[in-house]
Amino acid sequence: MIGAAGTVGSAFAFHWLVSAPAGELVLVDVNAGALQAQLMDLDHLRGLGAHPGVRIGSRAALAEADVVVLAASLSAPAGPDRAAMVTRNAGLLAGLLPDLRLARPDALVVVATNPVDAITTLVVDSGSLRADQVLGFSLNDTLRFRAALARHFGVEIGRVEGWNLGQHGGAQVPVYSAVTVDGRARSISPRDRPPIDSYLAEWFRSYQGLQPGRSTGWASAAGLHRVIDTWWNRRSAPLPCSRLLGGEHGLTGVALGVPVDLSGDRPAVVELGLTGAEEAGMHRAGAAVGRAVDALRDALAREREDA
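Note that our numbering has the sequence shown beginning at 33, numbered continuously upward.
What the hints contain is simulated information worked out from the structure, not anything from laboratory work.
The structure displayed is predicted, hence computed values, not measured ones.
Take the hints with a grain of salt, since some may be wrong.
What the hints assert, rightly or not - Computed Cβ-Cβ distance ranges for the label pairs, DEER-style: (1) Arg91 - Asp261: 43 to 49 Å; (2) Glu337 - Ser221: 48 to 54 Å; (3) Asp157 - Arg218: 36 to 42 Å; (4) Gly190 - Arg334: 43 to 49 Å.
We put the beta carbon where it would ideally sit given N, CA and C, even for glycine.
Produce the complete structure using the sequences and hints provided.
What follows is the structure in structure tokens.
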């Protein structure tokens, strides 16, 4: 876990250990004091039956890891602009990309640093990792869509199935054509969609407007656990992740949120049958991520010039 002392990293470490997994969790962060304090706190979980396999390590541990989680990030900006994260996290990424090349060919690398789609794209473009071993964490978009759908239908969120694809937090593509409640297809007329679309578009702005001083650590940590646990145990239920596309939906060379089958050694894209409007939304999302990738490349180039 790279960035283990941050909001998402620390919440994930707690969630993983209390779930009694197999294997060892190695914590890595540049904030040595916070990391040591976290380990002291986590150590007491053993008295409550938590898994004891946790230690502080260095990035060299990547060479031995089955799963690598990249959650390193500067604190969220005070404003609602996710694009600002491009330049804020470029310096971190410049130092981490060479280390990610240490990952084993059979390892799974999960990116949980924003802008997640652009960073997932660049991690694969760095040349040492395959597209099918790098996933970006974007499950929260689908969880928010399902929450909005549950409110619309007046049911519990666990009864709703729905996918929110495309760009994480930006050019989202809620797939209204594949919504189910209790396993039965449900339609939502275009006139009923604006409140749902508004909820999705404004969620991050509303959250940041409360000035919490942190990212959504609890939902992200539980979602990361779900993604990794599903792959680790090769479960068949697909989950939404950002993954580099290679022709799916007519798009190549950008990572977007899509359903991913994690039941095999190599996570595979599940291509939903989308409507024309939804396919157009995926192309808008691809263009938006392409622009973010260009901006991130420019920021990385400036970091290297200043180094």
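Quick rundown of the hints versus the structure:
Remark: the range hint 43 to 49 Å for Arg91 to Asp261 is contradicted by a beta-carbon distance near 24 Å. The hinted window of 48 to 54 Å between Glu337 and Ser221 holds, with their beta carbons roughly 53 Å apart. Look at Asp157 against Arg218: about 39 Å separates their beta carbons, and that is inside 36 to 42 Å. Taking 43 to 49 Å as the suggested C-beta distance range, the pair Gly190 and Arg334 conforms, at roughly 46 Å.
Checked against the numbered hints above, the structure violates only hint 1.
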